[in-house]
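Trainee: Letter 137 of the sequence shown, counting from 1, is numbered 136 in numbering that gives the first Met the number 0, and no numbers are missing.
Source of the hints: derived by calculation from the structure; they are not laboratory data. Please read all numbers here as calculations on a predicted model, not as lab measurements. Some hints here could point you the wrong way.
Unchecked claim - Here are the computed distance ranges between Cβ atoms for each label pair:
| # | residue 1 | residue 2 | range |
| --- | --- | --- | --- |
| 1 | Lys309 | Thr127 | 26 to 32 angstroms |
| 2 | Lys50 | Gly296 | 32 to 38 angstroms |
| 3 | Asn310 | Lys52 | 32 to 38 angstroms |
| 4 | Lys221 | Lys53 | 48 to 54 angstroms |
| 5 | Gly27 | Ser209 | 51 to 57 angstroms |
| 6 | Phe194 | Lys50 | 22 to 28 angstroms |
| 7 | Thr232 | Lys122 | 56 to 62 angstroms |
As the list claims (entries may be wrong) - DSS-like mimics (lysine-lysine), calculated; alpha carbons at most 27 angstroms apart, straight line:
| # | residue 1 | residue 2 |
| --- | --- | --- |
| 8 | Lys320 | Lys175 |
| 9 | Lys175 | Lys207 |
| 10 | Lys5 | Lys24 |
| 11 | Lys254 | Lys225 |
| 12 | Lys5 | Lys205 |
| 13 | Lys254 | Lys321 |
| 14 | Lys182 | Lys205 |
| 15 | Lys293 | Lys118 |
| 16 | Lys207 | Lys166 |
| 17 | Lys86 | Lys166 |
| 18 | Lys50 | Lys24 |
| 19 | Lys320 | Lys309 |
| 20 | Lys182 | Lys224 |
| 21 | Lys52 | Lys122 |
| 22 | Lys176 | Lys207 |
| 23 | Lys176 | Lys122 |
| 24 | Lys24 | Lys293 |
| 25 | Lys131 | Lys52 |
| 26 | Lys321 | Lys224 |
| 27 | Lys52 | Lys24 |
| 28 | Lys175 | Lys254 |
| 29 | Lys182 | Lys207 |
| 30 | Lys52 | Lys81 |
| 31 | Lys182 | Lys81 |
| 32 | Lys24 | Lys53 |
| 33 | Lys302 | Lys224 |
Each residue gets a CB set at the ideal place from its N, CA and C atoms; glycine is no exception.
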Amino acid sequence: MIYIAKCPYRISLLGGGSDLDWFVKDNGLGLSLGFAIESYSRVILSFRNPKIKKGLLNYSSREEYSDLESISHPIIRSVFKKLNFTKPVELASFGEIIIGTGLASSSSFTVALLKAGSKLNGKELNNTQIAKIACEIEIEDLGLPIGRQDQYLCALGGINMLSFKPKGEVNIITSKKVESVVKTFTENLYLINTFISRSASVTLQKIKESKDSFSEILEIQKICKKFFEISETLEETQLVDLLEELIIESWNRKKRLDRVLNPELISIEQEINNLGFKTLKLLGAGGGGYFLVKYDGVNLAQKESQLRSKNLSLSKVNLSKKGCDIWDI
0 MIYIAKCPYR
10 ISLLGGGSDL
20 DWFVKDNGLG
30 LSLGFAIESY
40 SRVILSFRNP
50 KIKKGLLNYS
60 SREEYSDLES
70 ISHPIIRSVF
80 KKLNFTKPVE
90 LASFGEIIIG
100 TGLASSSSFT
110 VALLKAGSKL
120 NGKELNNTQI
130 AKIACEIEIE
140 DLGLPIGRQD
150 QYLCALGGIN
160 MLSFKPKGEV
170 NIITSKKVES
180 VVKTFTENLY
190 LINTFISRSA
200 SVTLQKIKES
210 KDSFSEILEI
220 QKICKKFFEI
230 SETLEETQLV
240 DLLEELIIES
250 WNRKKRLDRV
260 LNPELISIEQ
270 EINNLGFKTL
280 KLLGAGGGGY
290 FLVKYDGVNL
300 AQKESQLRSK
310 NLSLSKVNLS
320 KKGCDIWDI
């Protein structure tokens with residue numbers, strides 16, 4: 000049997016950074032609001048013919064392996080060890096974006112691989128369980144200085160409010176009103192690709208080491224908390240406007256963190272605003288990737304041409320209702 004898993008990438012609107020394990024451990028609480036988008040990681044997985052003794056992995060590189068310890072790719076190696084694969088497998092992976100651009104491509108890949116791998120192993124795991132295991136692999140097994148919002152936002156799909164507590168506890172907060180507000184808010188959202196990639200782990204490690212990071216991330220968490228609390232009292236139209244204000248307020252805080260911006264990104268942000276887009280934030284850990292912007296759609300083709308002349312590209316944000324999915328062929 001051959002299994003194909005597809006997992007969306009994500010956009011974090013509020014609270015990003017307060018999901019980081021070191022922050023949650025010190026503060027006791029992290030919060031996040033985000034959603035999955037219609038752009039995906041895909042993983043194809045099957046056991047090899049019993050006569051073939053080596054496994055074959057095709058991702059951005061190609062490698063054969065004779066045992067799990069010899070696998071070069073750390074996430075693949077850790078997932079296969081977690082699933083206790085004893086027979087060689089053949090894997091192919093396809094991503095719609097490159098790694099290091101702020102849309103959680105690594106976590107999306109991890110979730111898709113776990114979904115396909117657990118199914119191949121005869122285990123039926125729901126997406127919440129998959130997200131939890133993905134966190135264990137990336138944070139605990141591999142020691143990456145990341146948080147837990149990416150795995151859950153990608154795996155679950157749709158719009159999600161999340162809270163994070165020490166020892167890896169993640170709670171999903173349900174609000175039909177907030178879902179409706181975010182859905183309305185996404186109607187005029189676009190992504191602008193800077194074509195600058197970076198290692199999120201390196202950026203996040205520098206943020207962790209900076210003495211000013213905790214206080215800035217605490218303010219980012221408070222902004223998200225304010226939205227969660229006030230969402231119960233305001234009308235939806237007011238909440239849409241408030242959400243935009245708070246995203247920008249949070250971005251102004253995030254800018255102060257170490258390595259989030261550099262001269263090239265500052266220049267790009269200014270150019271984007273000069274073209275009539277409203278910059279909301281730089282997605283992910285910072286240092287490169289995509290700017291999330293708002294635009295009313297007027298003369299869009301002309302704006303796209305102007306962006307291309309500056310080596311930037313524009314794409315519409317489309318919300319993905321489904322989380323990680325799987326089927327067999």
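Trainee: The structure should be examined with respect to each hint, and the outcome stated for every one.
Mentor: To see whether the hints hold, each was checked on the structure:
1. Taking 26 to 32 angstroms as the suggested C-beta distance range, the pair Lys309 and Thr127 does not conform, at roughly 42 angstroms.
2. At roughly 57 angstroms, the beta carbons of Lys50 and Gly296 sit outside the given window of 32 to 38 angstroms.
3. Between Asn310 and Lys52 the CB atoms are about 47 angstroms apart, so this pair departs from the stated range of 32 to 38 angstroms.
4. For the pair Lys221 and Lys53, the beta carbons lie near 53 angstroms from each other, so the given range of 48 to 54 angstroms is met.
5. Checked against the given bound of 51 to 57 angstroms, the beta carbons of Gly27 and Ser209, roughly 21 angstroms apart, lie outside it.
6. A hinted range of 22 to 28 angstroms is violated for the C-beta pair Phe194 and Lys50, which are about 45 angstroms apart.
7. Judged by the Cβ atoms, the range 56 to 62 angstroms given for Thr232 and Lys122 is violated: they are separated by roughly 43 angstroms.
8. The hinted pair formed by Lys320 and Lys175 meets the criterion: a straight-line CA distance of about 14 angstroms does not exceed 27 angstroms.
9. With a C-alpha separation of about 34 angstroms, the suggested pairing of Lys175 with Lys207 is violated against the 27 angstroms cut-off.
10. At roughly 32 angstroms between alpha-carbon atoms, Lys5 and Lys24 are farther apart than 27 angstroms, so this suggested pair is violated.
11. Note on Lys254 and Lys225: the hinted pairing holds, with a Cα-Cα distance of about 20 angstroms set against a maximum of 27 angstroms.
12. Pair hint Lys5 plus Lys205 does not hold up; C-alpha atoms about 32 angstroms apart against a cutoff of 27 angstroms.
13. The suggested pairing of Lys254 with Lys321 is violated, with an alpha-carbon distance near 32 angstroms, which exceeds 27 angstroms.
14. The straight-line distance between the Cα atoms of Lys182 and Lys205 is roughly 34 angstroms, outside the 27 angstroms bound, and the hint therefore fails.
15. For the proposed pair Lys293 and Lys118, the alpha carbon gap of about 40 angstroms is over 27 angstroms, so the pair is violated.
16. Between Lys207 and Lys166 the CA atoms are separated by roughly 18 angstroms; this keeps the pair inside 27 angstroms, and the hint holds.
17. For a cut-off of 27 angstroms, the pair hint linking Lys86 to Lys166 is broken: about 33 angstroms separates their Cα positions.
18. For the hint pairing Lys50 with Lys24, the CA-to-CA distance comes to about 49 angstroms; that exceeds 27 angstroms, so the pair is violated.
19. At roughly 33 angstroms between alpha-carbon atoms, Lys320 and Lys309 are farther apart than 27 angstroms, so this suggested pair is violated.
20. As the CA atoms of Lys182 and Lys224 are separated by approximately 19 angstroms, the hinted pair is consistent with the 27 angstroms bound.
21. Distance hint between Lys52 and Lys122 is fulfilled; the C-alpha atoms sit about 24 angstroms from each other, no more than 27 angstroms.
22. Straight-line distance between C-alpha atoms of Lys176 and Lys207 comes to about 34 angstroms, which puts the hinted pair past the 27 angstroms bound.
23. Between Lys176 and Lys122 the CA atoms are separated by roughly 35 angstroms; this puts the pair beyond 27 angstroms, and the hint is violated.
24. With a C-alpha separation of about 34 angstroms, the suggested pairing of Lys24 with Lys293 is violated against the 27 angstroms cut-off.
25. Distance hint between Lys131 and Lys52 is unfulfilled; the C-alpha atoms sit about 32 angstroms from each other, more than 27 angstroms.
26. Between Lys321 and Lys224 the CA atoms are separated by roughly 26 angstroms; this keeps the pair inside 27 angstroms, and the hint holds.
27. In summary, the hint linking Lys52 to Lys24 is not supported, as the alpha carbons are separated by about 44 angstroms, beyond the 27 angstroms threshold.
28. Of the pairs offered as hints, the one joining Lys175 and Lys254 is violated, with about 31 angstroms between alpha carbons and a cut-off of 27 angstroms exceeded.
29. In summary, the hint linking Lys182 to Lys207 is not supported, as the alpha carbons are separated by about 33 angstroms, beyond the 27 angstroms threshold.
30. Distance hint between Lys52 and Lys81 is fulfilled; the C-alpha atoms sit about 20 angstroms from each other, no more than 27 angstroms.
31. Proposed proximity of Lys182 and Lys81 is contradicted: the alpha carbons are some 36 angstroms apart, above 27 angstroms.
32. A threshold of 27 angstroms between alpha carbons decides the hint, and for Lys24 with Lys53 the separation of about 42 angstroms lies outside it, so the pair is violated.
33. In summary, the hint linking Lys302 to Lys224 is not supported, as the alpha carbons are separated by about 35 angstroms, beyond the 27 angstroms threshold.
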